[in-house]
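Trainee: Take these sequences, add in the hints, and give me the full structure.
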Amino acid sequence: MKYWVTCQNALLTTLAYRGNLLLHLLTTAINVLVAIFMWLAVYNFSGRSNIAGIQPNQMVIYLIVVNILALIFSAEPIFKFSSLVRSGNLSVVLIRPINYFIQSFWDYFGRAIPYLIVYGLTTGLVSPVFHRGLRYGLSSLLLMLITYGMFFLLITAISLCSFWLVQVWPLRPVLSALFLLLGGQAFPLQVLPSAVSWLIYNPFSLAGNQLTLLLLGKLSLYQIAIATGWAIIWTVVALAILKLTWQRGIHSYEGVGS
Amino acid sequence: MAAPIISIVHTDFSYVTFTKQSGFSGAWHDLFHRQKSTVAAIQDVSLQVNRGEILGLLGANGAGKTTLIKLMTGILPANTGSVRLFTDEIPFRKRAAFLQRIGVMLSQKSQLAWDLPPLDTLVLLREIYHIPRDQFTSWLAFLTKELAVTPQLHVPVRKLSLGQRIKFELICALIHRPEILFLDEPTIGIDVSSQANIYRFLKQLNHDIQMTIILTSHNTKDIEALAQRVAVINHGKKIFDGTTTGLISRYATVPILEIVTDGPLAPLPTHVKQVDNTHYEVNATALVALPIDPRHILSVNRRNGSLDAILTQLFSEEAPKQ
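Sequence order for the protein chains is D and V.
So that you can map any letter, position 182 of the first sequence is 182 in my numbering, and since no number is skipped, the others follow by simple counting.
So that you can map any letter, position 16 of the second sequence is 16 in my numbering, and since no number is skipped, the others follow by simple counting.
Keep in mind that the hints were calculated from the coordinates and are not lab data.
Glycine is no exception: its CB is placed at the ideal position from the N, C-alpha and C atoms.
Any given hint could be a false lead.
Ranges of calculated distance between the beta carbons of each label pair, as one might list FRET restraints [to be verified]:
#, chain 1, residue 1, chain 2, residue 2, range
1, V, R51, D, G137, 56 to 64 Å
2, V, A2, D, W4, 24 to 32 Å
3, V, Q100, D, R248, 23 to 31 Å
4, D, I30, V, D12, 55 to 63 Å
5, D, N20, V, R200, 38 to 46 Å
6, D, V196, V, I90, 45 to 53 Å
Footprint (simulated), chain V over chain D, 3 or more residues, beta carbon under 8 Å [stated by the list, open to error]:
#, region
7, 88-94
8, 128-141
9, 168-179
Selected chain D positions facing chain V (in silico; Cβ < 7 Å) [to be verified]:
#, residue
10, M1
11, V5
12, I98
Mentor: Printed below as a string of structure tokens:
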């Protein structure tokens, strides 16, 4: 229940700044439009009706969905945790009888709810995922849930570098670039040469490229199983990093600023 | 005799910091050769607090008061020595059962969600501390009434005044009725009447439910009004542990009395030194009575006889070289 209240408060905080929320949605929409126009121009000038097996209309849908996912899979916990350490406000968290990571997860989820509702639900309803039988639907849902948890844990593991780095803002453009390039936000990773096809199982791609293909009905059950396996591997890696670094970090924490 | 509720034995805590020369050359040098140094924030401090006591921690800025509170609340680990609460709890382990029994208010750190009304944070705390709803409602009504912030329960925190925020921080620390309450600068930004209200309220809590209170403050009024015992921390070391009057009598030096009269004294009595027309100083070391007619005295103060004066003297002493 306490974590559900955390989730509620995170949602209320997001809704408190209605202007910011709308602006965020608007700027994302503009970014998506720019990417769409760019790709339509590529199709037009190349004179090809498909690139790497993807047709123009499929590319449009791909770009919309992958950008929605980029909103949901945000790297914000890194900067939030960094702010807690830098300001010493982590002390307030440490004196509460709660598990910081579980609370942080529900906060992460709560902040994403408007995007999940506005875009995610709509996409989910029109996606063919849930019209291909129970087994396919459940496998897809499992992949989505594991990927969501995996991405949160990975971002949280990265956030622990805040114990040693005073400023983590240089990570922001790096993470954006990683999601753009490795996550398939700028282009589907399927257009890359087959020699680097293994890139589709990096955590950013699982959250962006693979989930987009799933929602577009482009993944077979076998591919879903492989993606789920990789998501589990990355989850274990993230958990190991968390376990190793949290104890060290908390010992080096000084609770600055009185 | 009951075991102390807080027991700190020969505890040290130090942290690493670094220094940097100013300017471009300093930044360049710092890039490759960072000058690190270890600061001993707490040195060989031992302290015992009994259940139901109100202890005031006094010290200048950077003396180590807040660090001591962080050690007691488990935010920081002790380097050496031991810190135990409730007989056998090691605070740094942060066991939920231990955290459930302490309440902490850190002046510069907020528990309140900035964009939401205080009630939302308090409801979250209700769930975190597993407080039954009816108990939460009645206790919250009591706290907000006592601190005169009931109308502000539904106002977003960012719209509250500093004083109102501090009061809600105090409510957050008290909402689960902790056995030990740690207060770091609890009256910053609070007006005089609210301060008095808080003093009365905390004394009442201490009396009614035997809540142990550990308090740090730069405002000696807080300490004088609340603390039954004080510990003075200077440069990380405990230099005094006792009552406020004990502190004054220990550190008050030559008894110089500063006297203000209603007019000039003529002739000037012996042992009396004139400062200006109506201000006089009397060295009372060898006197048994005042050498001035009491009918002309407006006020008498003993120099170096107030807590403020004693602390000013103590805190101005230089830190020992490390």
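Trainee: Against each hint, give a clear statement of whether it holds in the structure.
Mentor: Here's how the hints hold up against the structure:
no.: 1; hint: V/R51 with D/G137: 56 to 64 Å; in the structure: holds (59 Å)
no.: 2; hint: V/A2 with D/W4: 24 to 32 Å; in the structure: violated (40 Å)
no.: 3; hint: V/Q100 with D/R248: 23 to 31 Å; in the structure: holds (27 Å)
no.: 4; hint: D/I30 with V/D12: 55 to 63 Å; in the structure: holds (57 Å)
no.: 5; hint: D/N20 with V/R200: 38 to 46 Å; in the structure: holds (43 Å)
no.: 6; hint: D/V196 with V/I90: 45 to 53 Å; in the structure: holds (51 Å)
no.: 7; hint: 88-94; in the structure: holds (count 5)
no.: 8; hint: 128-141; in the structure: violated (count 0)
no.: 9; hint: 168-179; in the structure: violated (count 0)
no.: 10; hint: M1; in the structure: holds (5 Å)
no.: 11; hint: V5; in the structure: holds (5 Å)
no.: 12; hint: I98; in the structure: holds (6 Å)
Hints 2, 8 and 9 from the earlier list are contradicted by this structure; the remaining hints agree with it.
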